[in-house]
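*Asks:* Residues per chain, in single letters:
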Amino acid sequence: MTSITPPAGRAKAYKRPGDRIFSATATGAGITILVVLAGVAGFLLYEALPALRADSADLPGGEGLASYVLPLAFGTLLSAAVALAIATPLAVGIALFISHYAPRRLAQSLGYIVDLLAAVPSIIFGLWGLTVLAPRTAELSVWLAENLGFIPLFAGPPSATGRTMLTISVVLAVMILPIITAVSREVFLQTPRLHEEASLALGATRWEMIRMSVLPFGKSGVISAAMLGLGRALGETMAVAIILSPSGGVTFNLIGQGNPSTIAANIALQFPESTGVAVNTLIASGLALFLVTLAVNIAARWIVSRRSEFSGAN
Amino acid sequence: MTITAPQRESSVPLSGMPLVHGTLPGWAPWATLAAGAALGAALAVASGLHIALAILLALLVHSVAIYAWSRSVEGARRATDRIVTTIVSGAFLLALVPLVSVIMTVLQKGLVRFDAEFFTFSMRGIVGEGGGAYHAILGTLIITGLAAAISIPIGLMSAIYLVEYGRGRLAKSVTFFVDVMTGIPSIVAGLFAYALFVLVFGPGVRMGLAGAVALSVLMTPVVVRSTEEMLKLVPHELREASYALGIPKWRTVTKIVLPTAVAGIASGVTLAIARVIGETAPLLIVAGTTTAVNLNPFDDSRMATLPVFSYYSYALPGVPREPYLDRAWAAALTLILVVMALNLVGRVIARLFAPKSR
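Heads up: the sequence lines are chains A and B, in that order.
Under my numbering, think of the first position of the first sequence as 3, with each following residue one higher.
Under my numbering, think of the first position of the second sequence as 1453, with each following residue one higher.
It is worth saying that the hints were derived from the structure and are not from the lab.
A couple of the hints might just be wrong.
Using C-beta positions, here's what the derived DEER-type ranges look like [said to hold, decoys possible]:
#, chain 1, residue 1, chain 2, residue 2, range
1, B, V1549, A, R18, 58 to 64 Å
2, B, F1653, A, R106, 19 to 25 Å
3, B, P1605, A, P218, 40 to 46 Å
These numbers were taken from a predicted model, which means no experiment stands behind them.
Even glycine gets a Cβ: it sits at the ideal position worked out from N, Cα and C.
Next comes chain B alone, as it looks inside the complex (with noise of 0.2 Å):
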């Protein structure tokens, strides 16, 4: 077998070839960033562009140097790659424009009537100006309290049966429908709550406990997915020294097990609270609304909720509209203030007492 040298091409010397590519300096796209922010800003301000636009001529600016100037010097394959970067990283911001976008106008508008007096007197008797949302705080305390109640037992049970005692096709199918079920439209769950409740009390029925019964549908699969990843990450071993100890598989399961996994859990429950509270569609169906107190989910009667007392507001102003719609963004604000903080607090509790066996 003899192995052939290549034959260089006698044009070009050995001692020219160059032994790395061609490469940008590490502030070339920032550089044409910074042209294409600088023309864009520029024209906006001579021409009166809409910013929107302005922001996208400066991008496409940018792409446009960044890759004659990389083709150029570094070759078609690095230039292709440099264009996706800032495609990719363009489709990161442009997820963000939204997420400021709503925080802003919540923020703006809600403000105007986020006192004191929005959270301490209900609609009873308030025609214009003044009131507040007390009912339908307390109203939505109510009904995603009972949800929780509802919720969490049987998702923290059948997390414990998917993952200490479920074999064979039981425990498949009852994986495979609680992923399916966190895909169920909440105006169903409502209309489930209300096809289910219609049997007992009759056609128009609408209480809170309804209301509850909706929600927890929405939230079981979401306590159960969670606590059940929760309770796989807890050590064999620890199962296993207290079942060489000779303690029951109860006991093991409640002493040693929930307790270990406890604060992923209850991170895991904050998270499906913050799914379900500001829910709408089904409290709008089976719970209904009032402009009074009303503390008692068993009875046949309406139930003010935030997010219901925010859509009414807002879809069915009386007159004058304007105090309506401030209370509609009021009720927004609170709702998003509440949301936001129990996904942090959920996720501040994953973070801190996580397992440290990883």
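This is chain A alone, in the form it adopts within the complex (with noise of 0.2 Å):
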């Protein structure tokens, strides 16, 4: 790119409209993607105002802001991080599998196909996992506390429908899948090769030369995946108001009745029914989502940017 700008210190030659209107567009085209970004922020901002300012007794649930969306925001994170520790070991494997497992020639497809699964609408794996996955998880959960109910994780009594943040973990980890595996399969593709052929080349099975070649070097990237499929898993909607329950309630207790809804679903399952000051309310519980989605999307860039200044050359 640097060979057709003219080197500096030369006249200028003479700038065709055209170039200039052309160039023009392109830019303000681009500026349009920051000024969008900024709106983002901007409208949600002046439209939950209203009810930052509002007094607390006018909001719902009549306590105040704070404690609407904290439970909420409790729920979110809680399903995102059971999500995360299911969907990160599975993605790795799999990235592995199609990188340096699965014969050359199918490895392609083969990335196709988890690729595929990201393609299936949010709302097809809600009724999935109502139909299917729910009462699976029902049985399982009895299991769970009958045999593991000391973890406050499992703690019970298990809900007899699956309608459960067991459940909507699952999916979420299913979903957010895609992403990671395909970051990861990316950043391990990008092992040198040399370092790879000189572990074999000293005796070192395939794992072997996978641990101290592969993993080292992809794992800030897969780091940065698993932060992205973070962002994925806390702003999913549409499978968590399908499928959980909620009731409202704080507990860390996954296969229970009492379940902590997220904001995303609970945005959803209100808004269509809201008026007045409980329409700002959503907006700032949404106002909250995207700040700490953008925080967690940001982070995991800011890895991958800085990664790749390192270590794109050798």
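Put the two chains together into one complex, using the hints given.
*Replies:* The structure is reproduced here in structure tokens:
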């Protein structure tokens, strides 16, 4: 790209009107994107202001904004954390399978198959989770409560319907699997070929080669992939709204009936029937969700971009 | 400097040292897997073991058998390697379970009402059986089309800016925030569109255009990213040859660069459409739902879309429930078919017309 810019110090070429208009349009489009992102924050803040200013008795729940949003934030974080704990090891395994185990000819097609999971609309995951997965996890919950009940996560008593935090965590894990797999796969494939061949030449088995050259190289990539997955899990709406039967409690119990709702699902369930300051309250909770996912995404992207500067060339 | 040869243990004669490790035959993992599967199947048939537990048992038997066998013949390191191979392959197979299960479920339940009436009737005046998603399909086409009409020009021009013009901090921040924007939750995009339109149309606004704006917030970054990747693949020699002939930059971009990358861009746009066509949450908030055909997205009136139709049919069914649930699944099936088809088309375009430079 540098080859097409004239060296500095030369007389400037005549700028044609077509060139000016075209470059201004292109720059304008780029700026539009920044403006839209700022606009998302700005308009949400503007519409959230009435809820921030309103008397706490007027808000839904009647106890102030913080006590309305915090249980939802707790549910959001809990479900996303459990989903991440399920999905990350699995995604690393899948990424390794595609990048280092599968026959090379098949690898790309296998990657597409995993990507297809990302193409399934979230509402379909919701319907599937409710009709197929929830009854299965209800059986599992009974077993978990009997045998692992001493762990607070599985304290029980188990829900009979399976519309629990456990079910949505599993569905969320399935939904974030493709993005974590895709990013990890790309990073694993970037491992310098010489590192891999050197360790194989020293007599390492395939697993030892992966443990000593691929995983250290890809560690930061996997971390940022997991954070991108976390961002998706935090903001996932419809699957949670359909499957979960929320009761607003704050509990670590994944399999019981008193499930905390999540911010996104709560908005989807409440918004169509809300009016007045209740709408502003929901927008305020949406603003909180936006800021959290923005922070997570910025951190993840920052790790990726910082990494590529250091290790892209070697 | 003297080099002393290592003293060999006298108890191991040199001739007795094998030059290579013992190695399991190539069919060994398949044999233990078959043994595990046979045991699992036998137990499943004989004692009514749950199918998932039977498969788990089969994999467990396979892992233990291959580890013990490999350890006795090949040593501990190779045995660990084989275990990891099993785990990694198992992880991939495990990921296929939900995909297959989702597709099977949607097919099985969706085909009940996947008929001509579903595609040609709206829900106006329908209670109970009959009716269809004609209005929702039209709504989805209109809103997605509008979203594409907003995002494709902006996305395309932003990508051109990033590749052909962008220098310095502005270009860097655009690249960075485009990546960040791909992670915006869809419901937040819906709230943004509501917050924007409520200023003009007052509280409780529901309109198709607002839905399109929400979707375009989600779609634009995807278009930018894929177009940017494709424009970067266009060889510099083409641009330089064009400049050498005295062709202005804007004509070089429109006549040389874009046509070279057009297949990749088309593929990226197709995948971007596939990404937003199934979005439910933003449309639930700003487009609402209705039972009749509404063709005007610029009017302050509700507009049904396929995902929202499916959601409401399932979440708030009438009496009797069955026809509503069947319609919800038929809508889900339509949606998944459209999304899969768009994905396939996108990949095929990219594969068939990929630049041959690499």
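*Asks:* Between B:V1549 and A:R18, does the beta-carbon spacing fit 58 to 64 Å?
*Replies:* This hint holds: roughly 59 Å between Cβ atoms.
*Asks:* Between B:P1605 and A:P218, is the Cβ distance one that fits in 40 to 46 Å?
*Replies:* holds, 44 Å
*Asks:* Okay, B:F1653 versus A:R106 on CB: inside 19 to 25 Å?
*Replies:* violated, 56 Å
Hint compliance for this structure: hint 2 alone is broken.
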